[in-house]
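Enquirer: Keeping their order, the protein sequence lines are chains A and B. Residue numbering for the first sequence follows UniProt numbering, starting at 1 and increasing by one per position. Residue numbering for the second sequence follows UniProt numbering, starting at 1 and increasing by one per position.
There could be a bad hint or two in this list.
[Stated by the list, open to error] Partial list, computed: chain B residues near chain A (C-beta under 10 Å): (1) Gly57; (2) Cys186; (3) Arg204; (4) Ser211; (5) Leu226; (6) Asn231; (7) Gly237; (8) Ile243.
[Claimed, not checked] Taking beta-carbon pairs under 10 Å as the criterion, some of the chain B residues facing chain A (in silico): (9) Glu122; (10) Leu124; (11) Ala125; (12) His233; (13) Leu310; (14) Ser339.
If you are wondering where the hints come from, they were derived from the structure by calculation, not from laboratory data. For glycine and all other residues, C-beta sits at the position ideal for the given N, C-alpha and C.
Listed here are the chains, written in short residue letters.
Protein chains: 2
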Amino acid sequence: MATLRGGDLSRLRQLNSLTAIGALRGAGPLTLSALAKRTGLSRPSMKEVVDELMQLGWVEETPPAQGTIGRPARRYRFRASSGYLVGLDIGGHNIRAALANLNGEILAETRQPVRPDTPVEERLAAIERTVASCLALGGKTIADVWIVAAGTIGVITPEGRIHYCAAIPAWTGLDLAGRLREMFPCDVVVENDSRLAARAEAQRGTVRDASDVVFLHVGRRMGAALIIGGNVHRGFGAAAGEIAMLPQAQWFDAPEHLQNCSIIPPDTSPADAAGYTLAAARAGDPVALAAVERYVDDLAVGTSAMVLLLDPQVVVLGGGFSRSADVLLPPLRERLRRSCIRLPDVRASTLGDECVVTGAIDYAVAHLDHQLFTPDVPLPTSR
Amino acid sequence: MATLRGGDLSRLRQLNSLTAIGALRGAGPLTLSALAKRTGLSRPSMKEVVDELMQLGWVEETPPAQGTIGRPARRYRFRASSGYLVGLDIGGHNIRAALANLNGEILAETRQPVRPDTPVEERLAAIERTVASCLALGGKTIADVWIVAAGTIGVITPEGRIHYCAAIPAWTGLDLAGRLREMFPCDVVVENDSRLAARAEAQRGTVRDASDVVFLHVGRRMGAALIIGGNVHRGFGAAAGEIAMLPQAQWFDAPEHLQNCSIIPPDTSPADAAGYTLAAARAGDPVALAAVERYVDDLAVGTSAMVLLLDPQVVVLGGGFSRSADVLLPPLRERLRRSCIRLPDVRASTLGDECVVTGAIDYAVAHLDHQLFTPDVPLPTSR
């Protein structure tokens, strides 16, 4: 049999640790034998891996099962509560926070409305309040938090600075990661909100079965994200998915067809305007139906560009307008059938408004796992 | 140390075989110790791997180095000439064939012109003639060939059938892989020509350093291919890269600006028309320069869609028009700078007209390597 040496060995050890954590996450307590069976590793190797993970505080021994004859086998579980994760969705109209354990199980959620023109310092203060109330709701303090993962709208540099943000003009140029690090004494990561939503959809939403996905993040703003070969595609400068910036894609102003439909009562809040049009279309109003047709015409151009280019297995309609998928999906499918070579499966998101904050939690979990792979980064240890 | 078992073991063994073949390819004869050093494997593991590869006919022992004191160490080399590969580029206007050894080193190339309206059976006969003359030129027969890899224009199913081909209308619906298998008594694979050209560019061309690439395959026809995370992206139904099919991308008729410029002398062959315009633009002719501007305007729309969506490290201008990259790249860069968030590096192909046939050879090499990873496929053995 071939033997691994040197660099291969430590990579293999890390892979084994991750495999063990993966097997323990979500499962009840497992014996070494059960764990070895699930991971395909030998029992002695499994023992070594588990001992190391226990030293790091990631895994703990549980009391033996009651009433067992003879000496009961030791059982181990992932210490999902040895640390906590905070997910943030910083949008134009809402700040959302979620608190989760290390399994990504969400324990508390809070939301506070803001406006696209809310000044930067006020928006940052709203973020701090939303997180504080989420921690209080979950009975934790910021000292319990290992990672804050924030999603926001706009083009974000790999370092977490806002390169450009059309939706929140004051956001452009802000060192968001830096400001959040001043606010929270833990690891902070920042990512584009559409990419986080796509990640949530792949992890716990409607495309758990697909590895090539175009995610449409549509609401009052238009966004997109790509999953290619099972990975969320970031791009060389972390700027992928910005098809809305191409005038010919007809995306930028597309929501106006729904937001400014003539049937909307004059006192309707902008937050409810598109919903009014979509509801009226569902009820058969011809003016609303015509507005929906124009909206889907535009939506289909950018979507066709992505489908023709990537030939994905699935297109997911996500974001705020996905609540009206029953109205939007049939005409979207019909247009894609005409313009594309192969019509992908077109599905509605099942995560709704929580898609970004949920994806932020999943991103934090992935970031934590990634630390296992990076030898120079000290692993967080249980307090 | 952790021990691998079961499925892991055979995967590891295959990985070791590939690593060994990779180290031997292109290198001179190597001793077991040198090979172990290069691969990071232990000498005993290396011995096992080499023995197996010798049994399969992939590796051979060479005579010991002359004049060595004491018992000379055995040396091994990859048997690049134990089999041969044929690459094919089946275009609208030309059939090209290349013969290579198992290292992908090209030993002979032949070309025969055809027309887009050449009937299917005539085109297939031209393919057979082009391959026969290429084999004769290289001093081989079809019995020496392990794999024929064919690239052709159009949307091709994963099984090698032509789903749709605008450039060669009679091609649509043809079971190309089936017809080539009737013609050649060996393994046959078929792939889209732009994807093969992109592969060649990544393997031996101008983007050996990049893993996220948009490849523009531009000439009398417009095509594109994507390299994402180091892999040529095929798409779920093998139909990726077809941005030219979207009218709003302004690609389909773009070459007409160069093909039908008013300064082209009336007796110019269509094969030379665009080249005439590009040469006149290089010399400063204002009418030709205006035609180039219009062409680049259109080229930039589809290219911007891809750049905004994927944020690649590099855009490569390949295909027939890449010979005029000096005329085309400056205005293309200028437009991308205006329309995109981040201007990628924009480079010209270095492979020219041979890009598809070269990529077909590289695809055949990859297909051969892939067989090592697929336990149920019997490995080709030396005759």
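Enquirer: Hey, does the Ile243/B contact hint survive, CB to chain A under 10 Å?
Expert: Where the cut-off is 10 Å and the nearest Cβ of chain A is about 5 Å from Ile243/B, the hint holds.
Enquirer: Once the shortest beta carbon distance from Asn231/B to chain A is found, is it less than 10 Å?
Expert: holds, 7 Å
Enquirer: Taking the closest Cβ pair, is Leu310/B under 10 Å from chain A?
Expert: With Cβ-Cβ at 6 Å, under 10 Å, it holds.
Enquirer: Can we keep the Gly57/B interface hint, with Cβ of chain A closer than 10 Å?
Expert: violated, 21 Å
Enquirer: So, Leu226/B near chain A? Judge it on the closest CB pair being under 10 Å.
Expert: holds, 7 Å
Enquirer: May I ask you to test the interface hint for Leu124/B with respect to chain A, counting a Cβ-Cβ separation under 10 Å as satisfied?
Expert: violated, 24 Å
Enquirer: Less than 10 Å between beta-carbons is the criterion; does Gly237/B satisfy it with respect to chain A?
Expert: holds, 4 Å
Enquirer: For the restraint on Glu122/B, tell me whether the closest CB of chain A is nearer than 10 Å.
Expert: violated, 27 Å
Enquirer: Do the numbers back the hint for Ser339/B, that is, is its least Cβ distance to chain A under 10 Å?
Expert: holds, 7 Å
Enquirer: Given Arg204/B as an interface hint, is its Cβ closer than 10 Å to any Cβ of chain A?
Expert: violated, 22 Å
Enquirer: Double-check Cys186/B for me: the hint is only fine if its C-beta lies closer than 10 Å to a C-beta in chain A.
Expert: violated, 29 Å
Enquirer: Have a go at the His233/B hint: is there a Cβ in chain A nearer than 10 Å to its own Cβ?
Expert: holds, 7 Å
Hint violations for this structure: numbers 1, 2, 3, 9, 10, 11, all remaining hints satisfied.
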